[in-house]
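Undergrad: Chains as they are written, first to last, in my numbering: chain A, 1 to 233; chain B, 1001 to 1579; chain C, 2001 to 2720.
Certain hints may be false.
Unchecked claim - Some but not every residue of chain A turned toward chain B, in silico, with C-beta under 10 Å:
{"#": "1", "residue": "CYS42"}
{"#": "2", "residue": "ASN45"}
{"#": "3", "residue": "THR88"}
{"#": "4", "residue": "GLU91"}
{"#": "5", "residue": "GLU123"}
Derived by calculation from the structure, the hints in this document are not laboratory data. Please read these numbers as outputs of a predicted model, since none were measured by experiment. C-beta atoms are modelled at their ideal positions from N, C-alpha and C, and glycine is treated no differently.
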Amino acid sequence: MSIDVHLTIDGQPVTVPAGTTLLQAAAEAGQAIPTICYHEHCTANALCRLCVVEVEGARVLAPACVAQVSDGMQVRTRGERVDRSRRTILEMLASAVDLSEAPEIQRQLEAYEAQPGRFPEAERREPALIDDNPMFVRDYGQCVLCWRCVQVCADDAQYTFAINFEGRGYATQIGTFFDRPLPETTCVFCGQCVGVCPTGALKPKREWLLEQGQTPDEIMALTRSERRRKQRK
Amino acid sequence: MSSLDLAALDPILAEHGPRGRTALLPALHAAQRLYGHLPEPVAAAIGKALGVPLAEVSGVIDFYAMFYREPVGRRIVRVCTDPACALAGADAVLAAACARAGAPAGQTAPGGDWTVEAAPCLGLCEHAPAALVDDQAMGRLSPADVDALLAAAGPALPAMVGGDLRVLTANCGRGRPATLAEYEANGGYAGLRRALAAGPEAVISEVKAAGLVGRGGAAFPTGIKLEGARKAAGQPKYVVCNADESEPGTFKDRVLLEDDPHSMLEGLIIAAYAIGARQAYVYIRGEYPRAFGIVQAAVAEACAAGYLGANLLGSGFDLEVELRLGAGAYICGEETALFESIEGKRGFPRVKPPFPTAHGLFGQPTAINNVETLCNLPLIVTRGATAYRQMGTERSPGPKLFCVSGDVARPGLYEAAFGLTLRHLLYDLAGGLRPGRRLQAVLFGGAAGAFATERDIEVKLTLEDLREAGLPLGSGVVMALDDRRDLRDVLRRLGHFFAHESCGKCYPCQIGTQRQAEILERVAAGRAQRGDAERLRDVGWTMTDASLCGLGQTAASAVLSAMKLWPGLFAEQPAGPGA
Amino acid sequence: MIQPDRITATTCPYCGVGCTLELHIKDDFIYRVTSPFDSVVNHGNLCVKGRFGYDFLYSPARVTTPLIRKTPQRPGARTQAFDRDEWRQVSWDEALNHVADRLVELYRRDGPGALAVYACAKATNEENYLLQKLFRALFRTNNVDHCTRLCHAGSVAALLKALGTTAMSNTAAEVAKSDCFIVTGSNTTENHPIIALQMKAAVHKRGARLIVIDPRRLELCRSAALWLPLKPGTNVPVFSAMAHVIVKEKLYNRAFIEARTEGFDELAASLEAFTPEYAEAISGVDRELIAQAARMYAQAERGAIYWGMGISQLAHGTASALGLINLALLTGHIGREGTGLNPLRGQNNVQGASDAGAMPYHYPGYMLVDDPANAEKWERAWNIEPGGLSRERGLTTTEILSHAHPGGVRALYIMGENPMMTEPNLNVTREHMQALEFLVAQDVFINESGAFADVILPAAAWAEKDGTFTNTDRRVQRVRQALPPPGQARPDWQIVSALAARIEQRLGRPNSAYWGYEGPEAIWREMASVTPANHGVTYARLENGGLQTPVPDESHPGTPFLFAETFPAGRGKFFALDYVPSVELPDEAYPFILTTGRLLEHWHGGTLSRHSELDALYPEALLELHEIDAERCGLRSGDAARVSSRRGSVVLRVNVRNMTRPGVVFIPMHFAEAAANLLTIDALDPTAKIPEFKACAVSVTRAAEAELADPQAVTRRGRY
């Protein structure tokens, strides 16, 4: 039923069904296009722009995760413009947030020879870690604003709408209604947000405690049922 | 806070609740008028009444600069610090106002009467330096006037209107809005009658024949847009007037709305008729409260006169118009961000395609046009495409409004047919530079524009000539900078403007505007580091090439043009004072 | 950043959805749980229990050595011992020998009827199969049951009567294909969270219309086209009135009725009385709403019905489920994708434990025990002398305890269940527990029931063993060992095998039924070889997402939906129903109807979830009260209240939520310190023997703060 579309990707002819994204088409052609915000499970918002590619005749670069193929399209997945954009995006991201727990992004930094220290005196986003519930911690100093958590909390999965955006522009952060602790919001602690977080920004509390050097026994001694048991004794 | 009277909110909830999420901004505006700011219980009550998840309510409040979560002063004083006002001494006015209010910009002294803010361009550039005190526009300010400023006591600010032509601005410059009777006396609503008689297809083909392109900055052919929305499958359809004029240096739409609101309305009705929309929206930026009130009154007049509503002018065509007030977000001038805002969301631009003609407001086919563009429609329909094309050039037909500001003798709104030279505009119409001053640069197209110099003075102001010269016409901004001006400071302000106004959605713009602003701050402070020029260029081109919407794609435009013209400005500077 | 030593894929131990989990492990500590986004059942989504609720594994309260009570217990004077000091740590040999000796002793003294066993819907298929095999093959008793009796016995009985089936007809995820679906008696959002996500997506993304029929304003009501807020216990009149409208307005599927059903005329005649007006008078649901719901469902292209315990946990639970079956048969909304009769099973493996024969009337594969042909088949399979297996139906869960008296049940073996929380009318249950002569608990904790035991056998938890679970839509999935069991704890199958060998030896059974399994896979092979629905299921075939039974042979791909052509019973049978009011109706002394249920953050008797950080999210029982009732009682949110029935009383905090309709109050079942089942009534459905958990009469009065079990516990939660 589907109509075939013929295009070239890096000079190589590719035939895919209409409606295919450039990301998928490139994958068919064996070209892996880097992404950050894109997640198969979530609505693609084309916001990290790492997946931009050059489409012949287009004024600006096209985000491969949402741009669809069309007949006769000539796509270049690498090139001076593409590489400069990707490199600069990665450098800027590294200048803004802590990427130490985002191995996938770090690999991209290396692949594009990006210098994490490219921007001196850059104001970093370093909000304090939020430890307001028993299940997971939120360290928005590692948040790359990929939006996945907000989307899975909303109509990409959970329909819970506990988190949204605070601020705007560079000062955007994920937050709750008037910064309420998560247990006081509609949050049901499904952790879909933790599941889709590409960095260490959302992390199970037990994982975080383990990183802090606590032993499993010490971690379990912190749990409520343990505290209560001791209290009873 | 304990004395918060939530019962007072009930009428607002009753009015807006049943309309659901789309009424979120109106409800927040109404509640803020009541309480001065939007405390948590109020936000929660609104969210519940409108069925908006609470986290999204606070997300929306945070997005718009004119909504406040925390208490603010009884009066809010917004002093414009963008280039046109800065050239006229805005910083000193701001400092004086802050001193008098007893708190730094953006803060409120405990129990303070005033909250003074440094505001992005207020669209009062011809009255620079300007401020907005609550709903009152103030201009030609000086630090000495600060008491009058804080008291919001100042003279009315009649628009300065001139030019070779007075077609679009025929009714402007009176210092008050043209009444319906005056508008009609000058041939107003004749275009609508003709349109209704001719039929939608005829209107569209006339607009196409006239060669009208959008006047908001993107210069997209209006006829094609109307045709696209008309042919798109799906009902209902919408027309939207984009009156979120926010490009620094731009004030033409404000003048049109304040002085001649029926012109825009007539254009809007014609556009709605052409595409078959029964609902129209006019989205006016939050900084234009006066224009909002005037258009509101004009809509009432038009309804009463039968130009709006059911079966308007006996045509069998129905149209409702709803006004929306923005709340301080430049990005909402981007068409899809504007839709989101009407839908009650944060003003995040959407990925395009799909384009608004197929998938616009509420996901329905939508034609969205700038105020000036709409004002051209009655003209085209009344005079016919051929007569219309006698104005301007073959490829840039029609009249055009230019917002001239900065270092000229007579800043103001000038109307001319396309094709005049920059020299004519600056020297003949705007009176040239002040005595003894030389032209250093002209900022073309606004913050998202580019610089011209004396060398470009003979350039013809047409779309085609400007494109060749690498100068964007944009929204018609022509801001003159004379030889005493520090271009680095101008750039610093542009950088700050974009960093403040980036919505934060796509990485290139979200981080790029911040990094650009930081580097420009260094450059302006004489502390440029080795490699800053290279950084600026990479950031600039990355934003230009890879940003999601027009804001990011043009956020480095002026900077990149300045780097080309004056590379020395960005060279490494030995750090330290006196160096 | 922690690098895992290993990541083990397994199946979630909590509810019947059966989500795939990946356990990320460092130094034998699970520090993160994820789910692959291509997982068949849950597409990477999990709920709070699946993602975070595994930490009971590491609780210091785990039982890690076999324990024998220091003070010998006397029947009638049995006490609870939670404190470790009251127990003696013993070797496995000593514990197993003791258990075998005592069980054999009582068997020899009082015969097969003196022994009974609670199998476990949390344990694997293999372990349930093995446990029922032990009691059937060695002790020749059918006194084998598990908590299915307490959850969906009414549904299973109805499905067997009308269609000859025992499970969900369709796959839960098929809700995406429905254009209209009914959710009734199920707070799906909290009890089957992942299915609720699929339901909400069906509504919000695909435009399906949802009809909620429930006494509570559930979270799903926000997505519903219609909400029918009926009084607890009035299902039959509401469903029958819907059927009435469907028949009167000729909205039924004549072709389907003619080709696939029987008894339509009798049903139609019986429906005459069930006018919407009549149903409104009984149920409190507006007649117009009933009619709209009937039309919406009947006129759908693909209509489906999902239900939970609000249907089955009633003294007329079977009739309630038959009411739903009548609707599906009238409209032909069964046998196609996106349709069906779908009882959402509660426990992770309640479907599997039932399939594996942990029931008093059935061998594995639902073969009736009183059919000699079946008994003979299993005698052959288990190498038992002809006539050796009991041909008598055994006692059900609730009956086992009510028969705990001299001459009745003397010894009870509990694998993983907690009747002291989950039985109705707990004050009576307590007497029954006390009356037992010998009690063995095989569990991961000493719960309220195990505390009565003579012997505790420490079991490995789900992450510490291999096996299979069968989820609510009949999908058999692998459970894989990720961790070593703590201390001396052993997987249930090993304990049961070792015990069986000892009992077999003591009884001197001439032919061995075989207990020397090398592992769960060998047990599965034995069970699958005798149960036709599992013939085609092998461990190797389960590697990628499991298989939906029936799987008649190894080339069969599994069965997402049933009854495309016929029902196991041939034609589907309509049943004319009578309205039988709840056993206990509100009166002046007890003016409210109490309904009970579950919470998202907790699990059933609380054995697992109250040993987890889940308990920190929801640490106390709350009484859900409508504001009208709250005002009537002079109570506000946070106040302490005493709720009393004719059987007992509890003190807990009030939560004014307007989730129930006025006159109805709700208490969750998980909290021992305010156990809802102290109040519930032990009336049983005559067919299914399921207790009436969902409706009894209570009073609500103010209580003193000091009367609260744990005044410090405070639930400060947003929740919808």
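Undergrad: Against this structure, judge whether each hint is valid.
TA: Each hint tested on the structure:
no.: 1; hint: CYS42; verdict: 14 Å, violated
no.: 2; hint: ASN45; verdict: 7 Å, holds
no.: 3; hint: THR88; verdict: 4 Å, holds
no.: 4; hint: GLU91; verdict: 8 Å, holds
no.: 5; hint: GLU123; verdict: 7 Å, holds
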